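> Spelled out from the first residue to the last, the chains are:
Protein chains: 2
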Amino acid sequence: MNPTDFSTYSSYYKRVIDHALPTYITGLTSPSIIKDAMIYSLSAGGKRIRPLLLFATLRAFGKEEEIGLPIACAVEMIHTYSLIHDDLPSMDNDDLRRGKPTNHKVYGEAIAILAGDGLLTHSFHLISNMSHPLVTSEMKLALISLLSKSAGPEGMVGGQVADMEGENKNLPLHELEYIHIHKTGKLLAFCILAGGILSSAEEHQLAKLEEFALHVGLAFQIQDDILDIEGNEEMLGKPVGSDVHNQKTTYPSLLTMQGAKEKLQYHIDEAVRSLHDVGVNHDYLEEICNMIASRNH
Amino acid sequence: MNPTDFSTYSSYYKRVIDHALPTYITGLTSPSIIKDAMIYSLSAGGKRIRPLLLFATLRAFGKEEEIGLPIACAVEMIHTYSLIHDDLPSMDNDDLRRGKPTNHKVYGEAIAILAGDGLLTHSFHLISNMSHPLVTSEMKLALISLLSKSAGPEGMVGGQVADMEGENKNLPLHELEYIHIHKTGKLLAFCILAGGILSSAEEHQLAKLEEFALHVGLAFQIQDDILDIEGNEEMLGKPVGSDVHNQKTTYPSLLTMQGAKEKLQYHIDEAVRSLHDVGVNHDYLEEICNMIASRNH
Chain S
4 MNPTDFSTYS SYYKRVIDHA LPTYITGLTS PSIIKDAMIY SLSAGGKRIR PLLLFATLRA
64 FGKEEEIGLP IACAVEMIHT YSLIHDDLPS MDNDDLRRGK PTNHKVYGEA IAILAGDGLL
124 THSFHLISNM SHPLVTSEMK LALISLLSKS AGPEGMVGGQ VADMEGENKN LPLHELEYIH
184 IHKTGKLLAF CILAGGILSS AEEHQLAKLE EFALHVGLAF QIQDDILDIE GNEEMLGKPV
244 GSDVHNQKTT YPSLLTMQGA KEKLQYHIDE AVRSLHDVGV NHDYLEEICN MIASRNH
Chain X
4 MNPTDFSTYS SYYKRVIDHA LPTYITGLTS PSIIKDAMIY SLSAGGKRIR PLLLFATLRA
64 FGKEEEIGLP IACAVEMIHT YSLIHDDLPS MDNDDLRRGK PTNHKVYGEA IAILAGDGLL
124 THSFHLISNM SHPLVTSEMK LALISLLSKS AGPEGMVGGQ VADMEGENKN LPLHELEYIH
184 IHKTGKLLAF CILAGGILSS AEEHQLAKLE EFALHVGLAF QIQDDILDIE GNEEMLGKPV
244 GSDVHNQKTT YPSLLTMQGA KEKLQYHIDE AVRSLHDVGV NHDYLEEICN MIASRNH
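Chains S and X supply the protein sequences, listed in that same order. Just so you know, we're using my numbering here: the first sequence kicks off at 4 and counts up by one. Just so you know, we're using my numbering here: the second sequence kicks off at 4 and counts up by one.
Just to be clear, a hint being listed does not mean it is correct.
Which copy? The list can't say, so a pair holds if one copy fits it or any two copies do.
Stated by the list, open to error - Listed next, the in silico DSBU-like pairs over lysine-lysine satisfying Cα-Cα at most 35 Å (straight line):
1) 251 - 50
2) 66 - 172
3) 108 - 251
4) 17 - 172
5) 66 - 251
6) 108 - 66
7) 103 - 172
These aren't lab readings, by the way, just hints derived from the structure by calculation. Being a predicted model, the structure only gives us computed values, none of them experimental.
Start from the sequences, fold in the hints, and give me the full structure.
Encoded structure:
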C-alpha cells in the first residue's frame with residue numbers, strides 16, 4: 004500500500020499489527036487458557052510504536068513493509084511479555100494497564116508469569132521461521148542475536164533491574180539515562196536496526212540509525228515522564244502522578260519541567276540530525292520523532 | 004577427550020558444563036545483582052542430564068562433543084529459568100531446590116522473575132552466536148526454531164500450564180502423559196534432536212531419535228514419581244512425599260507402584276529399540292537410559 008500521508012500510514016500499520024498478532028497464537032497446540040492469556044495482553048491495544056519504527060525504517064530504504072511483519076510481531080510479543088511481568092505484584096503491582104485489568108488480575112499470577120514466558124519464547128520462533136525470499140539466513144541470525152541482546156540481561160532485563168534498584172533513591176542524570184536506554188531504548192533501537200539489517204544497510208548507516216534510535220528512545224521516555232505530570236488520565240488509560248507517588252527520579256524531578264522539555268527538544272533535534280545523515284528517505288521516521296515529542300498518551 | 008568408560012565420560016562432561024555455564028554470564032554488561040542471581044541458580048548443581056544427552060548423541064554420530072557446547076549451555080539456561088519460575092510463591096512455592104534456598108528466597112521474587120527472563124532470553128543469544136566452523140547458519144536456525152517450540156507454549160510452558168490445571172484432579176493416563184511429554188519431555192527431546200541436527204542426520208534417523216527421546220522422557224518422569232515415594236531425601240536434596248501431599252496424579256497413583264515400575268521398564272525397552280534403529284554408535288545413549296531407570300536422585 005502507498006498511503007498518502009503519515010497519519011493514514013500509521014493507523015493502517017497499527018491495524019495490520021492488531022490483526023496479525025493473535026494469528027500467531029490461535030493456531031498453537033497449547034492449553035486454551037495460556038493462549039487466551041497471551042492474546043488478552045497482545046490485544047490490549049497500545050500504540051504499536053515499535054512496529055511503526057520498523058516499518059518506517061524499511062520504507063526509508065525503499066523496502067516493502069511486509070518483509071518485517073514477523074519481526075514486528077515478535078517485538079510486540081517481547082514488549083507485551085515485559086509489561087505482563089512488570090505489572091506483577093512482586094514488581095510494580097499494577098491492577099490496570101491501558102484502562103483494562105492487568106493479566107494477573109484476570110488469569111492469576113502463575114498463568115501471567117507463564118504467558119510472559121510463552122510470548123518471550125515464541126517471539127524467537129517467529130523470527131527463526133521467517134520465510135520471505137528476501138530474508139536470508141544470515142539476516143535472521145543477526146536479528147535473533149541483536150534481539151536477544153536488546154531484550155536480555157544486557158538490554159531490557161538489565162534496565163528493569165537497574166530501575167528497581169534505583170527506587171526511592173535520588174539518581175544522577177547518567178544513571179537515569181542508563182535505566183531508560185536499557186529498559187525501553189534498546190528494544191526501540193532494535194526495531195530501527197532490524198529495518199536496517201533487512202535492508203542490507205551499510206555499516207555507517209547502521210551506526211547513524213543507532214544514534215537516531217538512542218535519541219528517539221530518550222525523547223520517548225522524557226515525554227513519558229512529562230505526561231505522568233501533565234497528562235490526562237483518560238487519554239493515558241492509567242493514573243497520573245505515579246512517579247511522584249513512588250518517589251521515582253524523573254527528568255522533571257532532576258531538571259525541572261522546563262529543563263525536561265528542553266532536554267526532550269534536544270534529543271528530538273539530535274535524532275533528526277542523525278537521521279538525515281543516514282542518507283535515505285526519512286520523511287516518516289521524522290514524523291515519528293515529532294509524534295513522540297507531541298504525543299498525549 | 005576419549006574416556007574409557009561411561010561413568011568417567013559423564014562426570015567429565017558434567018564438569019565441562021559446570022565450568023562453562025557461568026562464563027557466559029560473568030562478562031555481561033549488566034547490573035551485578037542479576038548476574039549473581041542467574042549464576043546462583045546455574046551453579047546450583049543438577050545432574051546435567053540434558054547436556055549429557057546432547058553430547059552422547061553427537062558422539063553416537065562420530066562428532067566432537069565440543070561442537071554442541073553452546074547449545075548444551077543454552078538448554079541448561081532454559082531448564083534453570085524454568086526451575087526458578089516454577090519455584091516462585093505463585094507457582095509451586097518451594098523454599099529449597101537441590102538442598103539450597105530457591106532463587107526468590109535469596110534474591111526476592113522480582114529479581115528471581117527477571118533472572119529467569121534473562122536466562123531464557125540469553126539462551127537464544129548463545130545459539131545465534133555459535134561460531135564453530137562445522138555449524139552452518141541453517142543448523143543454527145533449525146536449532147532456534149526447534150528450541151523455541153520445545154520450550155514455548157507448544158512445549159514446556161504448555162506442559163507447565165497443563166500440570167497446574169491438573170492439580171487436585173484425578174487425571175487419566177493420557178493427560179498425565181501429555182503433561183510429562185510437554186513439561187519435561189520436549190526439552191529432553193530437543194537435546195537429542197539437536198545432536199542429530201548438528202550431525203546432519205537423515206530424516207529417518209531424526210524420526211527414530213524423536214521416538215527414543217519420547218520414551219526416555221517418560222521413563223525419566225516415571226522414575227521421578229517413583230523416587231518421590233521410595234527415594235532418599237538426602238540424595239534427592241528435597242523432601243519426598245510431596246506428590247501425595249499435593250494430591251498429584253502420578254504413575255504410581257494411577258498404576259500402583261508395581262505397574263509404574265513395569266511402565267518404566269516398557270519405556271526403557273522401547274527407547275533402546277528405537278535407538279538401535281537409528282543405526283549409529285549407541286553405547287553411551289543406552290547407558291544414559293539405564294542410568295535414568297536406576298537413578299536415585
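> All hints, please: hold or fail.
Now the hints, each set against the structure:
Taking the shortest Cα distances, residue 251 and residue 50 sit within 35 Å of each other inside one copy (24 Å), while across copies they are farther apart (44 Å). Neither within a single protomer nor between protomers do residue 66 and residue 172 lie at most 35 Å apart by alpha-carbon distance, with minima of 46 Å and 54 Å respectively. In this assembly of identical chains, residue 108 and residue 251 lie within 35 Å of each other by CA distance both inside one copy and across copies; the values are 25 Å within and 26 Å between. Taking the shortest alpha-carbon separations for residue 17 and residue 172, neither the intra-copy value of 38 Å nor the inter-copy value of 43 Å comes in at or below 35 Å.
Taking identical chains as interchangeable, the C-alpha atoms of residue 66 and residue 251 are never at most 35 Å apart, the minima being 41 Å within one chain and 54 Å between chains. Taking the closest pair of Cα atoms, residue 108 and residue 66 never come within 35 Å of each other, the shortest separation being 41 Å inside a single copy and 50 Å across copies. In this homomeric assembly, residue 103 and residue 172 come within 35 Å of each other (Cα to Cα) both inside a single copy, at 30 Å, and across copies, at 32 Å.
In terms of the numbered hints stated before, the structure departs from hints 2, 4, 5 and 6, listed from lowest to highest.
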